[in-house]
Every structure is written in C-alpha cells, then in structure tokens.
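Asker: Please dock the two separately framed chains into a single complex, following the hints provided.
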Amino acid sequence: LTEIIDLEVQLAKDAKMDRQTLRERDRHVRMGLSPEQTGGSRRALFLAWLDAVMDRSESSPGRMIAGFLGLFSLLMGVGGFLFGLGAAMGVFAYDGERPVNVTRVLAVFVGLQLLLLLLLGCALLPTVWISWLPGARTLQEGIRALSPGRLVHLFARLIPSKRRESFEGAWAEVRAFDRMYGKIRFWLTVRVAQVFAVAFQLGALAGCMWLIVFSDLAFAWSTTLQVESERFYRLVELLSRPWAWFWSAATPSVELVRATRYFRHGGAFGSGEGAVDVALLGGWWPFLIASMLFYGLLPRLLAYGLARWRFSTALRRAPLDHVAFQELLERLTEPIVSTRPGEERSPEAEPARDAERGGGAVHDAVKGPLFLIRWGEQPFTESKLTDMVARRFHSAVASVFSAGVLDTEADARALEALRRNEAEQTIVLVVKGWEPPTRDLTRFIERIRERAGRGAAILALPLDQAPDGRIEAAKAEDLRHWTGKMRAMGDPWLRVVGLEKGDA
Amino acid sequence: MDEIPVFAVVGHVNKGKSSIVATLAEDDAIAISAEARTTRVCRAYSLEVDGRTLFTLIDTPGFEQARHVLAWLRAQNPPADKRAEAVAEFVRVHAQTKEYPEERELLKPILEGAGILYVVDGSRPFSADYEAEMEILRWTGRPRMAMINRIGPRDHTAEWRGALDQYFSISREFNAHEADFLIRLNLLKAFRELRQEWGPTLDEAIAGMERERARRRRESSRAIVRMLADQLTLTLEKKAPEEVDPAPYKERLEEEYREALRKLERLERDAVEDLYRHRKIQRREGEMPLVTDDLFSDGTWLRLGLDRAQLATTGLIGGALVGGWLDAATGGATFLAGALIGGAVGGLSGWLVKKPLSRVSIQGLKLGGRMLGIGPMRNPQFPWIALDRALLHQRAVSGRAHARRDDLALEGEGDRPGIVAGLPLSTRRVLESYFGKIKKARDPELREALTVEMARLVEELCG
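Protein chains in written order, with our numbering: chain A, 1 to 504; chain B, 1 to 463.
Here chain B stands alone, though its shape is the one from the complex (with noise of 0.2 angstroms):
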C-alpha cells in the first residue's frame, strides 16, 4: 500500500490558502473572505478516486507570531538533527499555556507528516518579517513547496522568488482564482517531485483526475443534448370550453410553454454544475446577460445562435439533405427536383429568424370542449441559441475555478460572443440535421440512441 501524500497548506495572515484549498479541492464551500483568521481550525479535504482517498490537503490557520515561535524555538538551542523535535515540543509545551493558538494548530499537521505548501502574495513585496516563518518550517525537516499566489494587480514574483528559493526547492506561482484544470493537474504534478514515495499515489490521482475529467465532459455533453431533445418535441395540451373565447386561453398555454422551455434549460445548467461540484454559483439575471439572459429576450436572438446567413446556408443544406433522403426514398425518380424544392424551403425558413416557436392548434373534442396544443418547436433559430447558451455555461463552469466567489459571468465579448457562430458549415450541417432527426423521432428509443450519437458530437465543443 501507497503512503497517502497529505499536504499542509500554511502562510501568513490572510495570503490566500483557502483560496488554493478550494480550488485544487475543487470545493466551492470552504469559507474564504478578505477579512483575515477566516480559518481557525485546520480543515482536511481529500481527493478520492473509487472511495480511495489518494491525496489530502490541510487548509490551516495564517501564521500570527511567527517571530515569537522562532525565537522560543532558538533558544532552545538544538542540533539540527533535533530541531523537529524542538517544534514539537514547542506544540507541546504551548498546548498548556493556550498561547500561540494558531501556530500551534498549524503546526499538527506538519508534525503529523504533512508536506508543506507554503503560501506567499505575490502582488505585495516580500519583507524579511517572512524569514521566521520560513525558518520555522525547515526546522520541521517535512518536505517543502513554496506557492506564489497574485491576489492583487502588483508583481513582486521575482523577489519573491529570490527569498523562497533560499527555503524551499521548489516554488511555483499559482492563481487560485484562475487556475484552470491543466495548471492544477501541473501542480499536482509538481507535488510529486516533493517525496518520491509520493509519486505512485500522485500518478494515480491525476489519471483519476483526467478520467474524471473526461467523465464531466461527457456527462454535460449528453445532458446539453438530452435538454435540446426535449425542448425540441415539447409539446402541451390545454382543454377549455367551448363557447368561451380560446384567447386567454392560449395566452396562458403559450407562457406555460416557454415557461417549461426554462425550467429544462435549468434543470440542465444544475445538472452541469453539479458535475463540475460548484454547488454555490449564483446565476443572476442581469449580471449574466448571456447565459442567464432568458431564452426570448431581444439580445440572445441578436448576439447568440447563428446569424441569418449562416442560417440560411445551413437550413439550406439541411433542406436539400432532406430532399435528397426523400429522393432516394423514392428511388431516385425526382432527384433533382426533391433537392431545389427541399433546398428552397431550408433556406426560406433560415430567414424566418423571428418566426414563432410554436403555434398553438385548436382541435374540438367529441365530447364537447376543446383541446388548445402547442408544440413542437418550430422555430429554426431555438435549437442553436439553446445549444449556444448550453456552451458558454458548460465552458465557463469547467474553467472556473473552485475558490472563485463571484456571479458566473462570460469571458465571451463582442457582437458574437457565441460558439456555434463559429463552427464549420460541416459541423453545422450535421448538428442541423440532427435537430431534425431528433424531432421527428417518435420512439423513445431512437430518439435516445439520436441524443447519444449527436452527445458525442457536442463534447468536442465543450471545454
């Protein structure tokens, strides 16, 4: 059995350890706030891997009396072979007194065989008031790795970088904030080259990681799909009686529809956080003008989804795909003639961009009454901006990193911030057609064994 690597991650006074806990515990629970002692008890996060936890990471309290702690330690005056035992000792002895609360927690792990990520800001200048701290932490002998995190706009990494390599051999910058998954899975890279008995575990876990990865990816493409498939063959019934004017009835199965259009598109945006493990993302109106701007207001249809160009040479692909199938359907007789008809039609619909999403039927029943339906989706333009918007979540919930407290927002700028604007007309091609198979697709079935096969399709596309 592999000895499991733990990592104590320890610093000054409000540097930023939570910020790196979460983010390589992928936890967006853990408490982090600029206000400093956040953290006054040491926390454990573990990765696992099929129950088995393969690393473990200590969020501690900052450093408060660094100086004191080193000048007790001093003056007890060891060889250097005995200098562990001197800081655990210091636990000790201080344990009684209740002084030093925070060194003493942050001290435990370490004693305990924790490897040290030590913390500093790169965006403040160093100050030889660090030295104690770094002095106190080769006293324990544990392996060391210095972290550089930028928490402000300044740079003093070299500095930095001049002091951290006298005490660690290895120092890394590192931004919690935008660390994304590659420059983490490097980190836990680096990590390895800290205890060599470490390295099996640590393999293990960033091939877990990387399958995991793989997994979400997967996961979110099929659950992209499956809400498409399902806005794409809604479909709502309403009774009303007979006599009555059917307007306000319509008008209320018309918001009803766009009503349970939403909540899928919810239901998938919870499902994709959940897989990526932000639990706390706050998607706001407003603030989020794109992923969380609703389905129907004026600026999705404008800025998202294809432009009417690009919809009509696809629709009008699409069309004479659909043309040519009817053709060979029909043995090949009106070959040309199924193509331009299917071709025109494709292309007249593509600059129908404004066209509504469904109309709603009025069909009388035999035993009296009414029957108001609407559905399925008729609008060319939907599917594109649902899948456009199913993008730019997914992308920005896969990057984002776990110690990020802020609304979920876009990185996409400009007229044309979306993703499918930009595909190959080839990719846009398949993508159109299968929008088609799937809503003519009766059996469940085959409508799953569509959503699989286009799902594939999709994860190219998300990050």
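For reference, chain A alone in the conformation it holds in the complex (with noise of 0.2 angstroms):
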C-alpha cells in the first residue's frame, strides 16, 4: 500500500511539471538501473523508479497514510475491545435478585453476530452469485442505497454553479481513484471492520470470563413465548453440537434447562418444583462462552483472515495501468532523440497548443490498434484528420468511424467496430474544440467505456478549424474547458490531448 500511495503521489507531483524535464530525468534513472531491475515486471520497475526519484525515508506520504492506518486499525480494536467488555458487563449484569437471561446473551453475542456475518457475507459476494440468490440483490441495492455517494449528487445541487465545477472536478478525481482502486479500497475497509468485530468478540469474552471468575452469576433462561423447556433444550443442544464431541461440558443438559426457566411472575424458577439447586445456576457458563467462541470469535477471526488475504492479493494485482503510468512507462523506455537547432526558429504565430496535460508525448498513451471516431459533423476531410492523427499519434489508424452525426445509428456502428472489453486498444475522439462537450458526447464515451472495459485508453482531440480551413489546436481556452469536462466524468483512462507542433 505504501508504494502505491507514494507512486500516485509522485506521479501527481509529476504531472505539474514539465513534460521535457520529466522525459531526461526518468530515462536518466533508467539508464542507471540494474538490468534485474528492469528486467521484471513493469511492477519492479515502476518501484525502482520510485526509489530513485523520490525520497523514501520514513516520512514518505505513503509511509505516513500507512503509519496513520495502522493507528486507525489499532484504535478501532481498542474501541471494540471497549465496547465488547462493555456489552458483556450489559448482558451479563447481575444484581443478585434476577439471574442472567441465557436467552438474551444468545441473542447479542450469538443471533446479532450471525445476523451481522450473513450482511457482510451479502455484502462480499461476487455480483455474479448474487443474481442466483432471490432477494440478495435487493438487500445489496439496500446496503449500497445508504451509501454517502449519492448523497453528493444531492449535495452539488445546492452549490452555486462556480464553486460546483471545482467540487465535481474533486468528486470525479475520487471516482476515478476508486475505479482503480476500488477492490483495494473495499478490503481495506472490510480488513478495518473485522478488526473492530475481533476486539469485540474477545472484549465481550473478556469480560464474562471476568464476571463468570470473580462474582457468582446465576444464570436463567426465559421467554414471552410459548416455549415448552424441551424445544428449548433442543436449540441449545442443536448449537453446542460443533463442540458437542470434545467438550461435553459446555453442552447443558435436560435437567439443567428445565430447572433453570425463570418466570417473572413471582420471580419463581422452574416448572413448581419448588426450590432449585443453586448449583445448577451457574451451570450455564460453559455453553455460553462456548458460543461466544464458536459462533461470535471464530467467523470473525475466519473473515478477518479472508479480508487480509484479498487485501494483499487486491494490492498485488492493482493494474497500474492508467494514463499516468502509461506515460512513466514510455518516459523509462523511450530513447531520447534530441537535434540542437542550428538557427532560431521562425516565430511562426502559433495557436495557442497543450494548455493543461493536453500536449506531451501522448503517443506513450496508445497502445494496441487506434480506433478513430470523429463525433459531430466536422469540416475537416477524413483523410487530412487519418494524417494528421497518425502523425500525432505516432501509429496508424486502424479504422475511422463518425457519431454524433444526425443519424444516430452511427454511433452503434462506431461501437461495435470496437474490440469487446480490451484494454489494448485506442480510441481517438476528434471533438470540434469551439463547441462544449454536451450529454451527448458524455453518454457516447460512457458508452464506449461498457464496450472497450477497463484500461482501453480513449483520447478525446480538440481541434479548431483555422480561417482557411486548415486544422489547427484547440485555443487554450477551449482546451482547458474540455480538460476540466472530461475529467468531471471520472474515468482514469480518458484524457484531452492537445495537437503538437507539426501536427497539423
């Protein structure tokens, strides 16, 4: 987790800086690693480039969000060791007049607990065996339902129309983090939980055995409900039975059950056998802490163990594969070619080029075939763009489509020409740059997203068209507007480029 953090940390720090600089100082470290270093998976090489570029001592951002998780974690058991003492000395509370209800301690520390383990178990199953399940489905809708996420959409409602932009830009950089990390993100969460659901189950041990040790407790069972001892027995004889073979103490038998009922009325015992063997009272203790283990302490420690190992297996096999780490992967492999000018440059006028993260080396970016679509009805020929693309992009155009024309079949032409959840692909979206992305274009790349699946890159190009007719970059202006519209949609693997010197 630490390098994760500290890799995104330092690619962000990396994106505000110049794209030239960046190019010469990442192939520089990786001509000064070892070929073991580099010869691995492009995980060990991207830590090896991080150990070079940026300072991993102990006060790396990812060592602190780490050091402040474990703190977390060490706080919320704490807290549930707390609170479990807390709920036993509850249950368990005896004040000499009215023995302990066995039924009420079943109830929190054996039904609430199974009760919970069946939400969580919900709320872990793959999607795939939920819609085996009847009613599965509409619980998990339920949990997700109380989920804040959509309270955010309420939320930015009620923000004025400036400061919303900047919000949902916030929003949207969450989203795509969590596509990304998101599996990471949930057994970490879940990892917390079961930490917090451990301390519980041994604070409430903990405490009973306290109770059980040091005072004299009588226990009891009774109900409202019409229950003959005997069904009862057989409940209680049906739960103890896992431990029923090597533990037979801590299975009551007959004789205890039915000597034990306790009816308020009166505060009498039993089925008016008159007095009852004080003995027998504290005879409880055994299947009771047995149950506590059996059914709150061991699921627990069970689903503890399973969050931890999905957590570590989520962040061995985090992709690292979103646009930034496309263009660190290019930087560490691609060989700088540099010509010293001999004269200056004519200072051409030049439209206004790469305002944001537009520009760069974004042939880095592709990768697989390219996919061009051209959204709209556009001035610009077809072959001149397939040119100018193929020259900007630095690969050939595999195929050319239009959508967002008056016919709207097209667009289903355009996505079913697209390779079905594939990540090696690129699909490069000639946008008008003088026009603001509508609905349209927003729900076609969503759309694109379903088909193309996780990774696929999509480049939305913003070009303008100059007075005589010529393709020409976006104006910077509308550059950064689309910029800051794509990213509002919150997908890690879409980005604005801009046109390079030369492209055009």
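Some clues are possibly wrong.
To give an idea of the chain A side of the interface with chain B (calculated C-beta under 8 angstroms), a few residues [as the list claims (entries may be wrong)]: (1) 377; (2) 406; (3) 438; (4) 439; (5) 440; (6) 465.
What the hints contain is simulated information worked out from the structure, not anything from laboratory work.
Only a predicted model underlies this, so the values are computations on that prediction, with no experimental measurement involved.
We put the CB at the ideal spot given by N, CA and C, even for glycine.
Answerer: Right, dumping it as structure tokens:
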C-alpha cells in the first residue's frame, strides 16, 4: 500500500512538471537501473524508479498514510475491545435478584453476530453469485443505497454553479481513483471492520470471563413466548453440537434447562418443583463461552483472515495501468533523440497548444489498434484527419468511424467496431474544440467504456479550424474547458490531448 | 385584454442565451459563464410597466442531445398537423425516465405557447449538427426567430444566415454584450413581426421602454446636478482648543472635507447605476482611471474638466456677466467699469487651476476655544471636473449591456476624453453661471429651483 500511495503521489507531483525535464530525468533513471530491476515486471520497474526519484525515508506520504491506517486499526481494535467488554458487562449484569437471562446472551452474542455476518457475506458476495440468490440483490442494493456516494449529487445541486465545477472535479477524481483502486479500498475497509469485530468478541469474552471468575453469576432462561423446556433444550443442543464431541461440559443437560426456566411472575424458577439447586444456576457458563467462541469469535477471525488475504491480493494485482503510468512507462523506455537547432526557429504565429496536460508525448498513451471516431459533423476531410492523427500519435489508424451525427445509428456502428473488453486498444475521439462537450458526447464516451472495458485508452482530441480551412489546435481556453469537463467524468483512462507542433 | 408575449430563448449549450436575456431584461444578476451548462432550469424575466407585465423572456438550458430527440420524434412519424403533439408526447414520456433533462426543460415553455428566440454564435462556423435543433423547433410549430450572437472575433454570419433562413422567417444579428438601447428597441420591434396578436402589447412595451429611458436620463441629470450643488456649497466646522497648535486640526478638517466631497460623488454614482438597474457594477480604482480615479489625483486634474485657456475664457465671460449684473443693479452708471473689472477677475481666476479647493478659516469663539471652518468650494476647475466625471460615468452606465461582467471602463481615449471641454462656449458660459448662482443661493428652495433648471441643461449632455 505504501508503495502504491507513493507512486500516485509522485505521479501527481510530476503531472505539474515540465514534460521535457521529466523525460530526461526518467530516462536517466532508467539508464542507471540494473538489469535485474528492469527485466522483471512493470511493477518492479516502477518501484525501482520510485526509489530513484523519491526520498522514501520515514516521512514519505505512503508511509505516513500506512502508519495512520495502522494507528486507525489499533484504535478500532481498542474501541472494539472496550465496546465488547461493555456489552458483556451489560448483558451479564447480575444484581443478585434476577438471574442472567441466557436467551438474551444468546441473542446478543450469537443471534446478532450471525445476522451481522450474514450481511457481511451479502456485501462480499461477487455480483455473479448474487443473481442466483433470490432477494440478495435487493438487499445489496439496499445496502448500497445507504452509502454516502448518493448524497454527493444532491449536495452538488445546492452549490452555486461556479463552485460546482471545482466540486464536481474533485468528486470525479475520487471516482476515478475508486475505479482503479476500488477493490483495495473495499478490502481495506472490510479488514478494519473485522479488526473491530474480532476485538469486540475478545472484549466480550474477557468481560464474560471476568464476571464468571470474580462474581457468582446465576443464569436462567426466560421468554414471553410459549416455548416448552424441551424445545429450548433442542435449540441449545443444536447450537452446542459443533463442540459437543470434544467438550461435553459445555453442553447443558435437559435437567439444567428445565430447572433454570425463570418466570418473572413471582420471581419463581422452574416448573413448580420447588427450590432449585443453586449450583445448577451457574451451570450455563461453559455453554455460553463456547457459543461465543464458536459463533462470535471464530467466524470473525475467519472473516479477518479472508479480508487480509483479499486485501494483499488486490494490492498485488493493482493494475497500475492508468494514463499517468502509461506515460511513465514510455518515459522510462523510450530513448531521447534530440537535435540541437542550428538557428533560431522562425517565430510563426502559433495557436495555443497543450494548455494543460493536453500536450506532451501522448503517443506513449497509445496501445493496441487505434480507432478514430469523428464526433459530430466536421469540416475536416477524413483523409487529412487520418493523416494528422497518425502523425500525432505515431501510430497507424486501424479504422475511422463517425458518431454524433444526425444519423443516430452511426453511434452503434462505431461502438460495434471496437474490441469488447480489451484494454489493449486506443480510441481517439476527434471533437470540435469550439463546441462545448454535450451530454450526448459524455453518454457516448460512457458507452465506449462499457464496450471497450477497463484500461482501454480513450483520447479526446479537440481541434479547431483556421480561417483558411486548415486543421489547427484548439484554443487554449477551449482545451482547458474540455479537459475540465472530461476530467469530471471520473474515467481514469480518458484524457484530453492537444495537437503538437507540426502535427497539423 | 391583449395576449402577453412570452419568448423562450433557446439554443445549443454555451451560445450566450443567458447574455441575451440579461441584456434584454436589464438584469445583471443573471448567471453568465464561459463554462457550459450554467443554466439548468428555466427562469423567467418580465418587463413590467406600471405593474403590468408586457412581455416575458425565459432563459433555458441548452440543447444537449438534440439528434436523439429528433430521431425519437421522427420514429413516431406523425403527419404535419400532429407534430407539435409529438413534441409534447416526447416531454411527457421522458419525464418518467428522467432522460433528456435539458431538452424537456427547454421545450416546456415552448409547448405552453412561448415564441422561440433561437440563439447561435456567429463567430463559429455553422455545421449540420445544428439542424436537429432547428428541426425540433420547427416541429413545435411556434413562431420563431433566430438571433446571431457573435461571441468571438471571427465572422461566419453569412453561412449561418443561409442555414437559418431555411428554418426561421426572421433572423437578426444581436451582440448581447454591446447592444445599446436603440439596438434593443429595434429587436423588440422585430419581435412584433413574429405574431400579430403580440403587436399591441409589444408596442406598449416599446413605448414604455422609451418613456423609462427618458425618465432615467432626467433622473440621472438631477442626481448629477444635486451632487454638484452639494459639493459646491459644502461647508464643515470643527472646534479646537485655543492654546493648542491648530495645524493638526486643520489637516484633519481638510481631509474630512475631501472625504465628504468623495462621498457625495459615490452617492451620485450609486443612484445613477440604480436607475439603470446595474446593481453589480464594480467601479474599481486603477482599472478605471477616469471614472473612479480619485477626484484629487493629478491625472484627473490634467485630463478632465476644462483646459486653462477654456477655463479663462469661460471665466472671463462669466466674470463679465457677473460684472454686468452688478452694473444693472447699480443702475448702469458703472456699466463699462463693472464689466471690465469682472472680466479681469474671472480671467485671473481661470488661470489659477491649482488653486486650493477651499481654505480653512479660523475664528475665535466667545466661550473659549476656536472654530475651524472649511468651504464652500473656491476652485473654479472643480465643478467642471466633477461634472465631467459624472457625465462620463452616466454615459458608460446607460450604454452598458447588462450581459457584461467586466469592470466599468470608459470608452473615451486620448489626452482629453472629457465631455465638457468639447461643449460650445455658450453652453459652458451658462453652466458656469449656474455654478455661481447655486453657490450663492442661501435659500434651499431657490437652490432646488436652480438645480432643476440646470438639470434640464445637463440632461442634454447625458447618454
């Protein structure tokens, strides 16, 4: 986790730096690495790079956050323990008059725990399984409906329009981050929750033991429901079955059950058989401890183990494939070819180029076949556009489509041509820079993502038309506008690129 | 009762719909931004005369998915007479699915009977993408007019006209950021052609706007003259102990005097801006060298008001008039001498441009202590500068479109951008004489009468 956070922080820092400096620095780093470091996985390469560019001593952001998370887990653990202790004290409270109600202990430490576990299980179930279980989907949706993410949009409406832009931008970053690291975050949350739960169970057990050892507890069972002693016994017997074969003392006998029924009316015990053997009243405790161990602590320990395991798998499998990583990889592997200009370049009037992160070496973001989609009716001819895009991205254009035109069927045709769920492809979307992005377009981009799946690069290329009809780079202001709007979509593999010098 | 015209201002996203509404409705509080989708729900702005609504403009969100809407409509394949119903059906059907929020919102007022003002940006090239929008509007069957609003420097108006003429009977150019009153009025006249039934109400609106225009000019000239009168006659007093050095008291009094003059000016500016319903104007020092430049900074002294020679001639004749009046009062015996002396005094005073505004006078008080007094205005250039500044400001405000969000700046350029310096001598003379009369008028009623009289003259100079 530390490493991923550090990588992200460093990349975010780099995004603000000059591209040429970055290229030189990273290429230099790459040259300094040993073959073992570079020959392995991408991940190993990135980590070696990170060590070179970042001072990862004790105060690196990743370490800080990991440390904070550790502290947070510890606090959750302590909190859970105290909470469990408190719960045990409450449930096992015995004032000497009315005995401790076994049913209540079972309800709190077995029934409630099983119910919570069931909910957790539902939340953890893969979506594929969900469709098999009747009602589970509704439940899962219900749980999700409670999540604060939905409130964000309501909240966004209350903000004045000027602030809304930046707010939505920030929210989009969060969503983009979640799309990349959602699994990690999810299992991290589950893990912390399990730390709390395990500690709660331990606390409850500790509290229970404390009371049993240091005070004389009387147990009984009572309920308003019409339950026969025999049926209650069967329930108890059923519950204790898992450990009955090795811990018989923890299985209450029929006599015990019969003798410890407690009626509030008159404060009397049993079924009219007179005085009860006082020793019997304490006989419930092994059973209770065993049920708490077996139904409370054990499943939680298992859940904790599962969360730990899934969390580390998610970390290992983190794709590290979004736009910034792609760029980094290219910076690391592409040799720098430089020519020294012999004379001053002619000061031609150049339209604004790459206002934000529009420019720079974007051909590095191209992977797999390049699909060119022209959005809307465009004044540029297809051949010129294809040439220009091929030059811009240093890659041949696999096929060209139109979308966003009056014929709405064209959209579907363009989508069908894309590879289904294939990260190794690039979709260049040529748009008119002077027109603001419409909902029509953002919906189309969402459909591209649905079709092409995670990881496929979508590059929006806003263009402008010079007075003489030539293609030229979009104006800086338009490019900024497009970058903002596209970023607000929260798609980590979508970016706005500008034209470079000489591309047009 | 005539039908009240309602106009829905519609168009592609970010084509300046809100700017047009702001300018036409004279409301500078309407949110306008270069970011798309500033307007999310329809908002209505009405022109009212005597509490009666004469027309309503509706600012709408922009088209976002027009071609899908058109595809849906075409799929219904209704005969020509049922097309408007198909549009209504579209809105109804998609209200449940929550799709097409912008289109549903903008079509609503049109389906309720509003006329259509379709806005395009003439500085960007036309493309066939817009045809879907125009076709949808045609399907509604409502009276419609196209407005070419040029936001950027390039000019594609000709291409646009060709396309717009296919769908709209009237198309007009209208720059929301530069449209002055006359342009707005002409546009309103064009609205009349959209629908006959709206004619009478719109005529009434046009007449009402013209009357309102005249009233604003009158009121602002009065505000200006009242400010001048207050500034010219302003006096301040301050008590000081007898034995102490009066210099610091003097200084403080002078500063208070200046501040009071400035405050009078600020009040007048606010009043004028309020008259023209510009409530959010930023008058900022530095960015607006003339209108908000401090009255006492050197730039103002040099660039506004009258130059020395003008001040001298105006003063000469003003002085001669005073002299002549003295002569008349003394029965004409000293006619020539009076005029000569008066002229000489006036001329001399004209050269004294840098004369202090007023001197602090010190009087002993009967019960101990001293009374320091300042005012009234003695500097002959001062009223000219104050008038010049006020006129420049008034003209800038009255000609300003309500869509503009930049700071108020002056059009005037060059060494002497002021207005009074260009006035004919005769006008300057009359104004000068009013300055003098107002300064001398002790009786408030007389002063008020002079103010109203002078305001009529100033009104001619207002924009």
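Asker: Less than 8 angstroms between beta-carbons is the criterion; does residue 406 (chain A) satisfy it with respect to chain B?
Answerer: holds (5 angstroms)
Asker: Does the CB of residue 439 (chain A) sit less than 8 angstroms away from some CB of chain B?
Answerer: holds (4 angstroms)
Asker: When the nearest CB of chain B is found for residue 465 (chain A), is that gap smaller than 8 angstroms?
Answerer: Holds: closest Cβ of chain B sits about 7 angstroms from residue 465 (chain A), inside 8 angstroms.
Asker: Holds or violated: is the Cβ of residue 438 (chain A) closer than 8 angstroms to a Cβ in chain B?
Answerer: holds (5 angstroms)
Asker: Quick one, is the residue 377 (chain A) hint okay against chain B at 8 angstroms, beta carbons?
Answerer: holds (4 angstroms)
Asker: Report holds or violated for the interface hint on residue 440 (chain A), using the least CB-CB distance to chain B and a cut-off of 8 angstroms.
Answerer: holds (4 angstroms)
Figure legend: structure checked against the earlier numbered hints; every hint is met.
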